[in-house]
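S.K.: Here are the chains, one letter per residue:
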Amino acid sequence: MTILLALTAALLFGIGTYLVLQHTLSRILIGLALLSHGANVLLMGSGRRGTPPLIGAGDPDGFADPLAQAFALTAIVISFGVSALLLALSYRSWILTGKDEVEDDVADRAIASGGHHDKEITDEEEWHEEDRLNLDATPEDDEVAGPS
Amino acid sequence: MSALLPLPILLPLIGAALSILVGRSRTAQRVIGLTVLSAVTVVSVLLLIEVDRDGTIATQAGGWSAPMGITLVADRLTAIMLTVGSVMLLSVLVYAIGQPGAERNHVGFQSVYLVLAAGVAGSFLTGDLFNMFVAFEMMLTASYVLLTLGGGREQVRAGMTYVVISLLASALFVAALALLYTATGTVNMADLAGKVDELPDGLRSGFAVLLVVVFGIKAALFPLFFWLPDSYPTAPSAVTAVFAGLLTKVGVYAILRTQTLFFDESSRAGTLLLVMAGATMLVGILGAIAQDDVRRILSFNIVSHIGYMAMGIGLFTVAGIAGAIFYVVHHIVAMTTLFLTAGLIEHIGGSSRLSRLGEMVRSAPVVATLFLLPALGLAGIPPLSGFVPKVALVDAGLVSDQHAVVAISLLVSLLTLYSMVKIWSGVFWNPAADEPEASPHEVGRWGGPPLMILPTVALVVISLAIAGAAGPLYDLSQRAAVDLLDVTSYIEAVAG
Chain A
1 MTILLALTAA LLFGIGTYLV LQHTLSRILI GLALLSHGAN VLLMGSGRRG
51 TPPLIGAGDP DGFADPLAQA FALTAIVISF GVSALLLALS YRSWILTGKD
101 EVEDDVADRA IASGGHHDKE ITDEEEWHEE DRLNLDATPE DDEVAGPS
Chain B
1001 MSALLPLPIL LPLIGAALSI LVGRSRTAQR VIGLTVLSAV TVVSVLLLIE
1051 VDRDGTIATQ AGGWSAPMGI TLVADRLTAI MLTVGSVMLL SVLVYAIGQP
1101 GAERNHVGFQ SVYLVLAAGV AGSFLTGDLF NMFVAFEMML TASYVLLTLG
1151 GGREQVRAGM TYVVISLLAS ALFVAALALL YTATGTVNMA DLAGKVDELP
1201 DGLRSGFAVL LVVVFGIKAA LFPLFFWLPD SYPTAPSAVT AVFAGLLTKV
1251 GVYAILRTQT LFFDESSRAG TLLLVMAGAT MLVGILGAIA QDDVRRILSF
1301 NIVSHIGYMA MGIGLFTVAG IAGAIFYVVH HIVAMTTLFL TAGLIEHIGG
1351 SSRLSRLGEM VRSAPVVATL FLLPALGLAG IPPLSGFVPK VALVDAGLVS
1401 DQHAVVAISL LVSLLTLYSM VKIWSGVFWN PAADEPEASP HEVGRWGGPP
1451 LMILPTVALV VISLAIAGAA GPLYDLSQRA AVDLLDVTSY IEAVAG
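Residue numbers (my numbering), protein chains in the order written: chain A, 1 to 148; chain B, 1001 to 1496.
Bear in mind the hints are in silico, worked out from the structure with no lab data behind them. All C-beta atoms, glycine included, are put in the ideal place defined by N, C-alpha and C. Just to be clear, a hint being listed does not mean it is correct.
Distance ranges between label pairs, derived from CB positions [unchecked claim]:
id : chain 1 : residue 1 : chain 2 : residue 2 : range
1  : A       : 18        : B       : 1195      : 32 to 42 Å
2  : A       : 62        : B       : 1399      : 29 to 39 Å
3  : B       : 1182      : A       : 17        : 13 to 23 Å
4  : B       : 1226      : A       : 57        : 50 to 60 Å
5  : A       : 57        : B       : 1275      : 52 to 62 Å
6  : B       : 1107      : A       : 22        : 31 to 41 Å
7  : B       : 1418      : A       : 69        : 34 to 44 Å
8  : B       : 1404      : A       : 91        : 46 to 56 Å
9  : B       : 1382      : A       : 77        : 43 to 53 Å
Sample of chain A residues at the chain B side, in silico, Cβ under 7 Å [as the list claims (entries may be wrong)]:
id : residue
10 : 32
11 : 39
12 : 42
13 : 46
14 : 50
15 : 71
16 : 78
17 : 85
18 : 89
19 : 92
20 : 93
21 : 96
22 : 103
Which residues of chain A face chain B? A few of them, derived with a C-beta cut under 7 Å, are [what the hints assert, rightly or not]:
id : residue
23 : 35
24 : 36
25 : 75
26 : 86
27 : 87
Hey, can you work out the whole structure from these sequences and the hints?
M.R.: So, in structure tokens, the structure goes:
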């Protein structure tokens, strides 16, 4: 049983790592979800197995380890919340850029090419205005979510 | 006085909830935020006095005894970090209130900020590795929201990088926890201290390295630092200031705590940490020199100076760790102040590009002074705050015969000075290269709104005070280092 859990965790970590290394945001998201599932399976496998740990439901020596399950539950809730936030972020990124890809860092490219391009961000309203202009400039038939 | 222990976590969380309830009134939110963080500061100072006088204290939240329950522990290191951290959180909150931008435009800013404060305090206070994971997540989730609050294109791009790398680190942390729990049957840190010793040598070294990697990502150690200079500069400057001051240092704290508490001399990742420290210092500062943007130069400087702390930790001597602790205190204050002045520079000049700024020493002499003092302190110019911790670290390195990393640290000090002079001459001294932008705000005699200037001045005064009180502070760091290397007091406090 433990070997099965360990193999499952290994498989999830393997696929997750592959997906996280991709250039498409949606694949990265799925990869991260698989990675945290792998970690949770590992947590589940870390405790002793046995009967449900309810007081009065049997011999305490035969109980499954409730702590490992509590850990896994907490970790699942946390990764669920953060995944939702990440989905919202990537949706926002898709609205702003029209692409489902990891963008380059503008300032990094500027340093590499020797030129500079940046703008200040204290005035958020003006900033959103520019984002909207960028959005309008994106052609309707722009390739969306193409695999890289 | 162990009743004080849960307060730095509880108060901000209650404050965050109240802050949502009174979301309609920004004034009420501000009153709650400032009151809560002032109270946390007072509690932290009381804790520091108490712990320094009577030694480590611990409490079991919920009444379940260790190792099952939720253990909160404060030793000298915890109390020092809490005190410095809460002073930073309070000053930056005042600054954020004074600054046009993030805090004024978003209902959620205050409550998310308080959750961040609770997460930071939780990471310092917890005596349980799993709760450290939970506190980290609390802090990180709040930081995701703060980083992407504006929702603009750059912020979303940088936010994605930051969230993805943090989630990866969290998955690794959970995996490390699962493996540790399988091997030892406990996640209570005091309990782990004894049980890890019983494991085979190879397994112990494996855990030591795994934990260095997990926390190295949060602390931005080479080669795990690349996300930091990419994501930090895009956030509003008050947010970046608190990230720069505190978040990476929570990673450093976790490395320091876990390495000293769990592992004995034979299995600590000392050499690995020293190599990473040297590379972090060098790569970080070279990155800083290549940049042309105040925020990006400062962000690379954070990375570079994490190397100094890792160097002190990697030595695993009382002198090395004492130097590292003192360096953490100095660096939190200096870095936060520098990012606050960077915010002021942007407020006045309308940009953070060196090429678009110039001759600000005429238009904003106050800001120039506020920048110069922590900048020289960061480079370690005597008698400012960076000098004594650097001397302590170099001395500790020489005593331990680690000449290579000492040489690198001295070279990096010089290069830090160069990068600071680059900002100084680009922003304050030389005329602007490109057409300077007109100031978007009314600048006034002091160079900014009083609520932005005041906290910056306060932090500069604190950093001067650190330099002035270097002797007693170093003694305190030394006592904290003795506590860390002799783990019996920690274990007894939790068990008793």
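S.K.: Evaluate each hint against the coordinates.
M.R.: Outcome of the hint check:
Our hint of 32 to 42 Å for residue 18 of chain A and residue 1195 of chain B holds, since their Cβ atoms are close to 35 Å apart. Here the CB-CB span from residue 62 of chain A to residue 1399 of chain B is close to 56 Å, at odds with the stated 29 to 39 Å. Between residue 1182 of chain B and residue 17 of chain A the beta carbon distance is about 21 Å. The supplied range of 13 to 23 Å therefore holds. A C-beta distance of roughly 51 Å is found between residue 1226 of chain B and residue 57 of chain A, which places it inside the suggested range of 50 to 60 Å.
The hinted window of 52 to 62 Å between residue 57 of chain A and residue 1275 of chain B holds, with their beta carbons roughly 53 Å apart. In this structure, residue 1107 of chain B and residue 22 of chain A meet the distance hint of 31 to 41 Å, their C-beta atoms being roughly 36 Å apart. A hinted range of 34 to 44 Å for the beta carbons of residue 1418 of chain B and residue 69 of chain A is inconsistent with their spacing of about 55 Å. Taken as a hint, the range 46 to 56 Å holds for the pair residue 1404 of chain B and residue 91 of chain A, whose Cβ atoms sit roughly 49 Å apart.
For the hinted restraint 43 to 53 Å between residue 1382 of chain B and residue 77 of chain A, the CB-CB distance of approximately 51 Å keeps it satisfied. Annotation: residue 32 of chain A was flagged as interfacial toward chain B, and the flag holds, the nearest CB pair being 5 Å apart, inside 7 Å. With a cut of 7 Å, the hint placing residue 39 of chain A at the interface with chain B holds, because the nearest CB-to-CB distance is about 4 Å. Taking 7 Å as the C-beta cut-off, the interface hint given for residue 42 of chain A holds, the closest approach to chain B being about 4 Å.
Among the interface hints, the one on residue 46 of chain A holds; its C-beta lies about 4 Å from the nearest C-beta in chain B, closer than the 7 Å criterion. For residue 50 of chain A, the interface hint is violated, since its Cβ never comes within 7 Å of a Cβ in chain B; the closest pair sits about 15 Å apart. Annotation: residue 71 of chain A was flagged as interfacial toward chain B, and the flag holds, the nearest CB pair being 6 Å apart, inside 7 Å. Among the interface hints, the one on residue 78 of chain A holds; its C-beta lies about 5 Å from the nearest C-beta in chain B, closer than the 7 Å criterion.
Interface restraint check: residue 85 of chain A against chain B, minimum CB-CB distance 6 Å, threshold 7 Å, status holds. Interface hint at residue 89 of chain A: satisfied, since its Cβ lies 6 Å from the closest Cβ of chain B, which is below the 7 Å cut-off. Because the smallest distance between the Cβ of residue 92 of chain A and any Cβ of chain B comes to about 5 Å, under 7 Å, the interface hint for this residue holds. Among the interface hints, the one on residue 93 of chain A holds; its C-beta lies about 5 Å from the nearest C-beta in chain B, closer than the 7 Å criterion.
At its closest, the beta carbon of residue 96 of chain A sits 5 Å from a beta carbon of chain B; the interface hint therefore holds under the 7 Å criterion. Against a cut-off of 7 Å between C-beta atoms, the interface hint on residue 103 of chain A holds, since the closest Cβ of chain B lies about 5 Å away. Because the smallest distance between the Cβ of residue 35 of chain A and any Cβ of chain B comes to about 4 Å, under 7 Å, the interface hint for this residue holds. Interface restraint check: residue 36 of chain A against chain B, minimum CB-CB distance 5 Å, threshold 7 Å, status holds.
Checking residue 75 of chain A against chain B: minimum C-beta separation of about 5 Å stays under 7 Å; hint holds. The beta carbon of residue 86 of chain A is positioned within 7 Å of a beta carbon in chain B (closest approach about 5 Å), and the interface hint is therefore held. Because the smallest distance between the Cβ of residue 87 of chain A and any Cβ of chain B comes to about 11 Å, over 7 Å, the interface hint for this residue is violated.
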